[in-house]
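**Student:** Which chain is which? The protein sequence lines are A and B, in order.
The numbering of the first sequence is full-length UniProt numbering, which starts it at 1 and goes up by one.
The numbering of the second sequence is full-length UniProt numbering, which starts it at 1 and goes up by one.
Errors might be hidden in some of the hints.
[Stated by the list, open to error] The calculated lysine-lysine pairs, modelled on BS3-like cross-linking and capped at a C-alpha distance of 25 Å, are: (1) Lys14(A) / Lys209(B); (2) Lys135(B) / Lys14(A); (3) Lys10(A) / Lys164(B).
[Stated by the list, open to error] Partial list, computed: chain B residues near chain A (C-beta under 10 Å): (4) Gly118; (5) Asn119; (6) Val196; (7) Val205.
Hints were generated in silico from the structure; no laboratory data involved.
From the three backbone atoms N, C-alpha and C, an ideal C-beta is built for every residue, glycine too.
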Amino acid sequence: MTSSSAASRKALSKIACNRLQKELVEWQVSPPAGFKHKPTDNLQRWVIEVNGAPGTLYANETYQLQVDFPEHYPMEAPQVIFLHPAPLHPHIYSNGHICLDILYDSWSPAMTVSSICISILSMLSSSTVKQRPEDNDRYVKNCRNGRSPKETRWWFHDDKV
Amino acid sequence: MAEEVLIEVEAVQAVYGDDCLVLDKYPPHLHVHIKPRTADVSSQQFVEAVIGIRAVSEYPDEPPHISIIDSKGLDEQRQKHLVTGIHNRACELSSCAMLVALCEEAVERLSSMNHPDGNCPLCLYPLVEEDADNKLPFMKLMSCFHCFHCECIIRWWNWLQTLKETDSTNISGATLHVSGEMENQKGMHGATQESVGTCPVCRKVFHAKDIDHVLALVGTHSQLRSEESDVSDDKRLLQSDSENIRRLKFEATLKLQQENSGLIEPKKNEVLLPGTFLPQPITHPSTVSDKETTEQQHADQVINAETSSGSPSDRPSSSKHRYSGMRKHQGRNSREQVKQWIRKENDSTN
Ligand SMILES: [Zn+2]
Ligand SMILES: [Zn+2]
């Protein structure tokens, strides 16, 4: 349900390919703690296993992240979503969309898959309550045509989580 | 005794001028801003440091304590190398007047380390590549000293400018998630169309003039730019008169530097004291991975717009280091790291 935009995506540019190959090599040498990724021949989509950190609400739980890279990665951010079932978290919608600034407006081309993973795990780890975002139903309904979270205009305010 | 030491402090002030801050005259406590010898070509300066020299009343029998107050372009390992080098020199010169000599030692060390370290944060390949076939020119942003391959930072620059053009011609809400970034983060360019970019590492804003020196280099590598067809063109800037003049000056300076083994910058009021003058490049302990890059090589390479070499990039690629300045990452504790975003209400359709 979430792959429609990826299917129509343009192939990776040469620069994106080089960069991703480099990231893949570095990942294999030192993957971020708590993550597993088995490289496939599809460089453009990585499916990464996330293990909830010990001592947090998500300890002993395993989830899957799907990372799709655009043609002009790393100038453009990758699309990162949780595959079903997404963890119950105040910033993660039931369709897997993640409300995390670095995936959208705060993306920088100096970030890597590894650094994204670390941010996501830290977001999970700091959660004090397992629940969906307040507007989950409305948002998920609006996304039914399979649109990417990158097309959402995320609007940010500080809070006390 | 104290009188001789006071004269020494004055000597340091004479040589380093405003770059020397005297916190205490006796026993001397100085902060000296040290830069590598780059013939004043600031775009070719990749490192700098403020060195703290703190003597006790037993000085010079007791060597002064050396510390790094501030630095740019130096990771921990290189900072340590610098301090150790100065400290060793202080032990060698024990019971001689050594303050000026220690500063000179720092200049030597920094000159030999005057190249970027680690990987380009954009392509993740080493900035200083040993393999001659793979050499790419690199640059630093003038404000923050973060270093990139020229072609990589130019690609980012062009990307940002393209986004901005798209932004100003196409003001429809929902699809502008990326260009929105620029407005949110800078929140300052508003109606003005001044060209600005952000450092990918620390997000410090930089201007067209900050990468001016790089555009010149990239102009000679035009094939790099055709690789991605949608980047906008900077020919106008590259071929402007002022740019040509600037380049000529730059090349003349480098030629001079090359002919004089890098030593063309006259020291302000040079004072010669015993142990002050270090005419030969010193050799460095081989335990440190910075092998010596001679000034000569350096000048050659700059003229060819090639990466300076002679320094193996065998350090760990240190992704930690790469992100050390990331505003959004670092300096946030895990609690702050999670921020609540809500969607803009009027954005429900697509
Ligand atoms: Zn690069
Ligand atoms: Zn920077």
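**Student:** It remains to establish, for every hint, whether it holds in the given structure.
**Tutor:** A quick look at each hint next to the structure:
| no. | hint | in the structure |
| --- | --- | --- |
| 1 | Lys14(A) / Lys209(B) | violated, 29 Å |
| 2 | Lys135(B) / Lys14(A) | holds, 18 Å |
| 3 | Lys10(A) / Lys164(B) | holds, 22 Å |
| 4 | Gly118 | violated, 12 Å |
| 5 | Asn119 | holds, 9 Å |
| 6 | Val196 | violated, 15 Å |
| 7 | Val205 | violated, 13 Å |
Of the hints listed earlier, those the structure fails to meet are numbers 1, 4, 6 and 7, in rising order.
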